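Enquirer: Chains as they are written, first to last, in the numbering used here: chain A, 1 to 117; chain B, 1 to 117; chain C, 1 to 159; chain D, 1 to 159.
Simulated from the structure, these hints should not be mistaken for laboratory data. Some hints could be false.
[What the hints assert, rightly or not] Stretches of chain A that chain D covers, calculated by requiring three or more beta carbons in the stretch to come under 8 Å of a beta carbon on chain D:
id, segment
1, 8-20
2, 41-52
3, 100-111
[Stated by the list, open to error] Between beta-carbon pairs, the in silico distance windows are:
id, chain 1, residue 1, chain 2, residue 2, range
4, D, E129, B, R39, 24 to 34 Å
5, A, S108, D, T7, 49 to 59 Å
6, B, R75, A, P6, 31 to 41 Å
7, B, R13, A, S111, 47 to 57 Å
8, A, L109, B, E54, 28 to 38 Å
9, B, S111, C, P8, 29 to 39 Å
10, A, E3, D, S105, 24 to 34 Å
11, C, P8, A, E3, 19 to 29 Å
No experiment lies behind these values; they were computed from the predicted model shown. Beta carbons are placed, not taken as given, at the ideal position from N, Cα and C, and that holds for glycine.
Below, each chain spelled out in residue letters.
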Amino acid sequence: MDEQAPMTMAVDRQDNLLIVRPEGDIDLASSPGLRAQLRELIASASGRIVVDLEGVPYMDSSGVATLVELLQSCRRDQLELVLCRLSERVLSVFQIARLDGVFTISESLESATDTNT
Amino acid sequence: MDEQAPMTMAVDRQDNLLIVRPEGDIDLASSPGLRAQLRELIASASGRIVVDLEGVPYMDSSGVATLVELLQSCRRDQLELVLCRLSERVLSVFQIARLDGVFTISESLESATDTNT
Amino acid sequence: MATPEITPEPPADLNVAFYSRPIYLSAIRHMLDAFCERMGMDPNQSARVCLAVDEAICNVIRHGYGGDPNGRIELAISRLEENGPTLQIDILDRAACVDLDTIRSRDLEEVRPGGLGVHIIQEIMTEVEYSHREGGGMRLRMRHPLATDKSEGSSKPNG
Amino acid sequence: MATPEITPEPPADLNVAFYSRPIYLSAIRHMLDAFCERMGMDPNQSARVCLAVDEAICNVIRHGYGGDPNGRIELAISRLEENGPTLQIDILDRAACVDLDTIRSRDLEEVRPGGLGVHIIQEIMTEVEYSHREGGGMRLRMRHPLATDKSEGSSKPNG
Ligand SMILES: Nc1ncnc2c1ncn2[C@@H]1O[C@H](COP(=O)(O)OP(=O)(O)O)[C@@H](O)[C@H]1O
Ligand SMILES: Nc1ncnc2c1ncn2[C@@H]1O[C@H](COP(=O)(O)OP(=O)(O)O)[C@@H](O)[C@H]1O
Numbered sequence: 001m002d003e004q005a006p007m008t009m010a011v012d013r014q015d016n017l018l019i020v021r022p023e024g025d026i027d028l029a030s031s032p033g034l035r036a037q038l039r040e041l042i043a044s045a046s047g048r049i050v051v052d053l054e055g056v057p058y059m060d061s062s063g064v065a066t067l068v069e070l071l072q073s074c075r076r077d078q079l080e081l082v083l084c085r086l087s088e089r090v091l092s093v094f095q096i097a098r099l100d101g102v103f104t105i106s107e108s109l110e111s112a113t114d115t116n117t
Numbered sequence: 001m002d003e004q005a006p007m008t009m010a011v012d013r014q015d016n017l018l019i020v021r022p023e024g025d026i027d028l029a030s031s032p033g034l035r036a037q038l039r040e041l042i043a044s045a046s047g048r049i050v051v052d053l054e055g056v057p058y059m060d061s062s063g064v065a066t067l068v069e070l071l072q073s074c075r076r077d078q079l080e081l082v083l084c085r086l087s088e089r090v091l092s093v094f095q096i097a098r099l100d101g102v103f104t105i106s107e108s109l110e111s112a113t114d115t116n117t
Numbered sequence: 001m002a003t004p005e006i007t008p009e010p011p012a013d014l015n016v017a018f019y020s021r022p023i024y025l026s027a028i029r030h031m032l033d034a035f036c037e038r039m040g041m042d043p044n045q046s047a048r049v050c051l052a053v054d055e056a057i058c059n060v061i062r063h064g065y066g067g068d069p070n071g072r073i074e075l076a077i078s079r080l081e082e083n084g085p086t087l088q089i090d091i092l093d094r095a096a097c098v099d100l101d102t103i104r105s106r107d108l109e110e111v112r113p114g115g116l117g118v119h120i121i122q123e124i125m126t127e128v129e130y131s132h133r134e135g136g137g138m139r140l141r142m143r144h145p146l147a148t149d150k151s152e153g154s155s156k157p158n159g
Numbered sequence: 001m002a003t004p005e006i007t008p009e010p011p012a013d014l015n016v017a018f019y020s021r022p023i024y025l026s027a028i029r030h031m032l033d034a035f036c037e038r039m040g041m042d043p044n045q046s047a048r049v050c051l052a053v054d055e056a057i058c059n060v061i062r063h064g065y066g067g068d069p070n071g072r073i074e075l076a077i078s079r080l081e082e083n084g085p086t087l088q089i090d091i092l093d094r095a096a097c098v099d100l101d102t103i104r105s106r107d108l109e110e111v112r113p114g115g116l117g118v119h120i121i122q123e124i125m126t127e128v129e130y131s132h133r134e135g136g137g138m139r140l141r142m143r144h145p146l147a148t149d150k151s152e153g154s155s156k157p158n159g
């Protein structure tokens, strides 16, 4: 049996904008796959990265850690990181971890991708 | 701990028409409650009884047995019984039990309540 | 349960034990559904497997323990490699060792409430075997292929 | 596991045992969610309890068994009557008896990946107690009230 679960992720590349949409629960089974995919993607990215979490019903702290790692990479590479469309359940994990003020979190995809703000 | 789960059911009484809408899974924990409620309701009913299953994501054979019992009571009391809006999952239980041809099953609430057909 | 002389079963991938009460059925279904999904089973197949296991547990509650809410029911769920990935689910009780011939499906032509459980189990699972347990009680062993044969319809393990 | 001299724990309402592999987490969460709902817990509370249990299991997998996928993890879930209906969840392993002082939350001001599990567990559960097990390994006992003190007592059954 595989000890990891695959993480499906749609990727939308635009000029200075990368939108990624993981699909499914992000837990210790799927976060290593997510981390690997994100690492590869940001290596060639510029401008802003939007992580659209609409398709993620559940996230545990291994998912949060993956996104904190992404945030640190983005800061190092001078990329902007925006998370959007978090369900109440997923947002509450960031709140419990006191990280809801550390990330830029947007309610809609429109405002997350609007580079004039 | 209660050994039975309560069954929520909305009831809509009209002239010669009774529409019942159980809410939630119908399994061995909830079907006794459903059976008791249905028994009481049909005692004073006339014409047609519609069981709207839109709010029922899951049913096991104890739920099917409850509805077979209802069908028999209806036949005895010369009431018409129509089931409607079964999910694919719930319909498949009737199919496995070879009862999909025994019940009148309607896709929409409109056709289930239309007494001209 | 003072039966220390019985050889304990080796652990399954997932073991679950609970009292013979219908209130636990929904937790078992949701667990099994998520388990099957993670093992790569098609959601329609998984829904059917959950129904079969629900029916089998209901039978232990009603027939095995005769409605006594203090019996113990155990589930042993494993992934096997047998002509392709296969899900094996054992349901174990410490109720009576019933005559195996009495566990059978009835004629479905006759429309009456009840008498559907064994039929549903046999219709859904590819292997169904009831046996007596060492130390008393029954074991129901069920199997179902895990791999999705995307060609729709019946799921028979073809070599 | 040749430890026959250890007194077995009495059965909980629901006992679950599985290997120390993240692949089982979703099945456990779904089971617990459905269990809590049937016990009358508010869905938001139930989601939080599932998160806490997920974190605790992840810690056993990563720290207790150090990533070894063949360790065994047990969950014992019961409903107690203690100042109102209470959910008790024990998580048991056969890994090392670690120094209890090493299991603690870090300063959250520092933003870095990891180090959130114990904080999340303590934030969500009303009682959290780590101890050493007879025969080796750790026990984490957690409790959470089951009753929703919201006045609208009717919980919506949800699929
Ligand atoms: N776990 C069990 N233990 C003992 N007897 C069983 C068990 N499961 C099924 N049976 C027997 O098989 C018969 C058929 O079961 P089933 O098809 O589920 O219909 P029903 O439960 O409505 O009778 C039962 O009446 C019972 O005699
Ligand atoms: N089940 C456990 N067994 C052994 N040590 C543990 C366990 N759970 C937590 N710990 C210890 O507590 C520390 C804090 O855990 P946690 O807050 O989850 O953060 P992290 O796991 O990222 O270190 C861990 O680094 C570990 O030393």
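Enquirer: None of the hints should be skipped; say for each whether it holds.
Expert: How the hints compare with the structure:
1. 8-20: violated (count 0)
2. 41-52: violated (count 0)
3. 100-111: violated (count 1)
4. D:E129 to B:R39: 24 to 34 Å: Distance hint for D:E129, B:R39 is violated at roughly 48 Å.
5. A:S108 to D:T7: 49 to 59 Å: holds, 57 Å
6. B:R75 to A:P6: 31 to 41 Å: Taking Cβ atoms as reference, B:R75 and A:P6 lie about 52 Å apart, which means the hint is violated.
7. B:R13 to A:S111: 47 to 57 Å: holds, 48 Å
8. A:L109 to B:E54: 28 to 38 Å: Check passed, 31 Å falls within 28 to 38 Å.
9. B:S111 to C:P8: 29 to 39 Å: violated, 57 Å
10. A:E3 to D:S105: 24 to 34 Å: Since A:E3 and D:S105 have Cβ atoms about 27 Å apart, the given range 24 to 34 Å holds.
11. C:P8 to A:E3: 19 to 29 Å: With Cβ atoms ~26 Å apart, the hint holds.
Hints 1, 2, 3, 4, 6 and 9 from the list above are not met by this structure, while the remaining hints are.
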